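Protein chains: 2
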Amino acid sequence: MTRAEIIEQVRSKASFLCVGLDTDLTKIPESLRGSSDPIFEFNKAIIDATQDLCVSFKVNVAFYEFLGIEGLEAMRRTLEYIPDEHFVIADAKRGDIGNTSTMYAKAFFETYNSDAITLSPYMGEDSIRPFLDFKDKWAIVLALTSNKGAEDFQLQQVGENGRALYELVLERVASWGTRDNTMFVAGATKGEYFKNIRAMVPDHFLLVPGVGAQGGDLHSICENGLNSDVSLLVNSSRGIIYSGHGNDFAKAARQAAGELQAAMEKELRLFGLL
Amino acid sequence: MTRAEIIEQVRSKASFLCVGLDTDLTKIPESLRGSSDPIFEFNKAIIDATQDLCVSFKVNVAFYEFLGIEGLEAMRRTLEYIPDEHFVIADAKRGDIGNTSTMYAKAFFETYNSDAITLSPYMGEDSIRPFLDFKDKWAIVLALTSNKGAEDFQLQQVGENGRALYELVLERVASWGTRDNTMFVAGATKGEYFKNIRAMVPDHFLLVPGVGAQGGDLHSICENGLNSDVSLLVNSSRGIIYSGHGNDFAKAARQAAGELQAAMEKELRLFGLL
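Here the protein sequences come in this chain order: A and B. One point on numbering: in this note's numbering, the residue at position 24 of the first sequence is 24, and numbering is uninterrupted. One point on numbering: in this note's numbering, the residue at position 254 of the second sequence is 254, and numbering is uninterrupted.
Keep in mind the hints are simulated off the structure, nothing from the lab. Since this is a predicted model, take the numbers as computed values, not measurements. Hints are supplied without guarantee of correctness; some may be wrong.
To be verified - Derived DSSO-like pairs: lysine-lysine, alpha-carbon spacing no greater than 27 Å straight-line: (1) A:Lys-44 to B:Lys-106; (2) B:Lys-148 to A:Lys-137; (3) B:Lys-13 to B:Lys-106; (4) A:Lys-27 to A:Lys-148; (5) A:Lys-135 to B:Lys-13; (6) B:Lys-13 to B:Lys-148; (7) A:Lys-13 to A:Lys-266; (8) A:Lys-148 to B:Lys-137; (9) A:Lys-251 to A:Lys-266; (10) B:Lys-195 to B:Lys-148; (11) B:Lys-44 to B:Lys-27; (12) B:Lys-195 to A:Lys-135; (13) A:Lys-135 to A:Lys-106; (14) A:Lys-106 to B:Lys-195; (15) A:Lys-137 to A:Lys-106; (16) A:Lys-13 to A:Lys-251; (17) B:Lys-135 to A:Lys-106; (18) B:Lys-137 to B:Lys-44; (19) A:Lys-148 to B:Lys-106; (20) A:Lys-27 to B:Lys-106; (21) A:Lys-106 to B:Lys-106; (22) B:Lys-106 to B:Lys-135; (23) A:Lys-27 to B:Lys-135; (24) B:Lys-27 to A:Lys-148; (25) B:Lys-148 to A:Lys-106.
Stated by the list, open to error - Label-pair distances were calculated between CB atoms; the ranges are: (26) B:Gly-68 to A:Glu-8: 26 to 34 Å; (27) B:Arg-179 to A:Ser-220: 38 to 46 Å; (28) B:Ser-175 to A:Ser-175: 32 to 40 Å; (29) B:Ser-175 to A:Arg-238: 24 to 32 Å; (30) A:Glu-192 to B:Arg-269: 17 to 25 Å; (31) B:Arg-77 to A:Ser-31: 33 to 41 Å; (32) B:Glu-265 to A:Pro-202: 35 to 43 Å; (33) B:Asp-180 to A:Asp-48: 18 to 26 Å; (34) B:Asp-180 to A:Tyr-81: 43 to 51 Å.
Don't be surprised by glycine CBs; every beta carbon is placed ideally from N, CA and C.
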């Protein structure tokens, strides 16, 4: 999917919502558990209920791998079921030496047909480059994450000019790819850093986890992160998919996604982007 | 598997060899390609041919994910087939926020029954801790990798005392776990750094990729990395499993593994560890 296609979808839906499918067998309604593929049935209902309110779906690969072969089959069916117009992210946090990264790229871009994969930058340029060689596919590289552990390394000062590691990551990774094949993960619980991230990568899309269960504030993200092409994808997983616990889970998910979409539309209007 | 069990196996086999199963469908002999599960058949033959010469097997998860559901099924069968005495590593380079890392830990420690998983430290303590809560299971954390990209971030100076990022990783990660549940990846092509790594983590096992195809030198690794409990696992993947290309591939793999085992035995005797 191209950058222009993503932006077009954002404008037409007045939404930059990514719905995170962190689907956990122990948290889905009792009524689905008798199905032969309860994870897929749950995801299908969530996708049907939210697809007009969001521009992207993100599968958290861990939740599928945990279930072994059956889980991966549910992930495969889910990725196949997501409508073509949506930007599909495999949240996998991969990154390895070149020949192995090429295999991960083929796995997620070809075998599973995702548009994008999340990557850890720790192993450097040759671990990221193989993902940039696929046309209209995206590397979404961790810069500043939303968890407490971000302080351990990402916020450490590097070099002599007092920059943090995440800033060096932004600078270097942005120089390897372009705004047409690279995005960055920027945690929403670190609202005070957004202004700086946007200044460093003015044109790149930012994938923002941490709204909802992790406590990020949408207005502050928009104030600091929006640009003239919007260039934000804000993810909510648990806050949407586990919004209800009974048989009306899909309706509850639609309600939660609708509230986020409305809040996003309000921000887009506030900043003159609609 | 406990640390004592690993050390006992190293001593009884006079080997600290890990055979890397980076199995690529395009590189296995023609004769196996007609099989219903050629990847597993190839791995089974390699395991049978090398299991008395090595103490560990490592699956490179990317190579299996690339093949979709069938690849994961081949990985599952391979992990099940490896004899219990071997230390089984899932080379997956994972790491995510806490609840997701817990899912990855369950995936590889329970669903796939590995003894260890490789992890990227970029997301910090809460991304690593979930892996340390499993009895007799191991987190193998990237410190200094063998690829060129290691220079981009791992070798950057952090803080005011001129340490490199990989040193901060060693120090912090070592403080979260113990020598009984944590190992570090230390690239063999960086022989000059081994002395420093061993000084910083005198008691931890180091997993050393990069011998063979990546050009690391065994003697220099041993000189700088061995301690009184050996505490090294040296991996070779392509150098062993693709040593032959015809129907005698397993024999050729045994030959290559045997040469490495003999070289390791020589080093162990040289340093008075046998």
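Status of the hints after comparison with the structure:
no.	hint	verdict
1	A:Lys-44 to B:Lys-106	holds, 25 Å
2	B:Lys-148 to A:Lys-137	holds, 24 Å
3	B:Lys-13 to B:Lys-106	violated, 30 Å
4	A:Lys-27 to A:Lys-148	holds, 25 Å
5	A:Lys-135 to B:Lys-13	violated, 49 Å
6	B:Lys-13 to B:Lys-148	violated, 33 Å
7	A:Lys-13 to A:Lys-266	holds, 12 Å
8	A:Lys-148 to B:Lys-137	holds, 24 Å
9	A:Lys-251 to A:Lys-266	holds, 22 Å
10	B:Lys-195 to B:Lys-148	holds, 20 Å
11	B:Lys-44 to B:Lys-27	holds, 16 Å
12	B:Lys-195 to A:Lys-135	violated, 43 Å
13	A:Lys-135 to A:Lys-106	holds, 12 Å
14	A:Lys-106 to B:Lys-195	violated, 37 Å
15	A:Lys-137 to A:Lys-106	holds, 11 Å
16	A:Lys-13 to A:Lys-251	holds, 19 Å
17	B:Lys-135 to A:Lys-106	violated, 34 Å
18	B:Lys-137 to B:Lys-44	holds, 24 Å
19	A:Lys-148 to B:Lys-106	holds, 22 Å
20	A:Lys-27 to B:Lys-106	holds, 16 Å
21	A:Lys-106 to B:Lys-106	holds, 25 Å
22	B:Lys-106 to B:Lys-135	holds, 12 Å
23	A:Lys-27 to B:Lys-135	holds, 26 Å
24	B:Lys-27 to A:Lys-148	violated, 43 Å
25	B:Lys-148 to A:Lys-106	holds, 22 Å
26	B:Gly-68 to A:Glu-8: 26 to 34 Å	holds, 31 Å
27	B:Arg-179 to A:Ser-220: 38 to 46 Å	holds, 43 Å
28	B:Ser-175 to A:Ser-175: 32 to 40 Å	holds, 34 Å
29	B:Ser-175 to A:Arg-238: 24 to 32 Å	holds, 30 Å
30	A:Glu-192 to B:Arg-269: 17 to 25 Å	violated, 58 Å
31	B:Arg-77 to A:Ser-31: 33 to 41 Å	holds, 34 Å
32	B:Glu-265 to A:Pro-202: 35 to 43 Å	violated, 58 Å
33	B:Asp-180 to A:Asp-48: 18 to 26 Å	violated, 48 Å
34	B:Asp-180 to A:Tyr-81: 43 to 51 Å	holds, 44 Å
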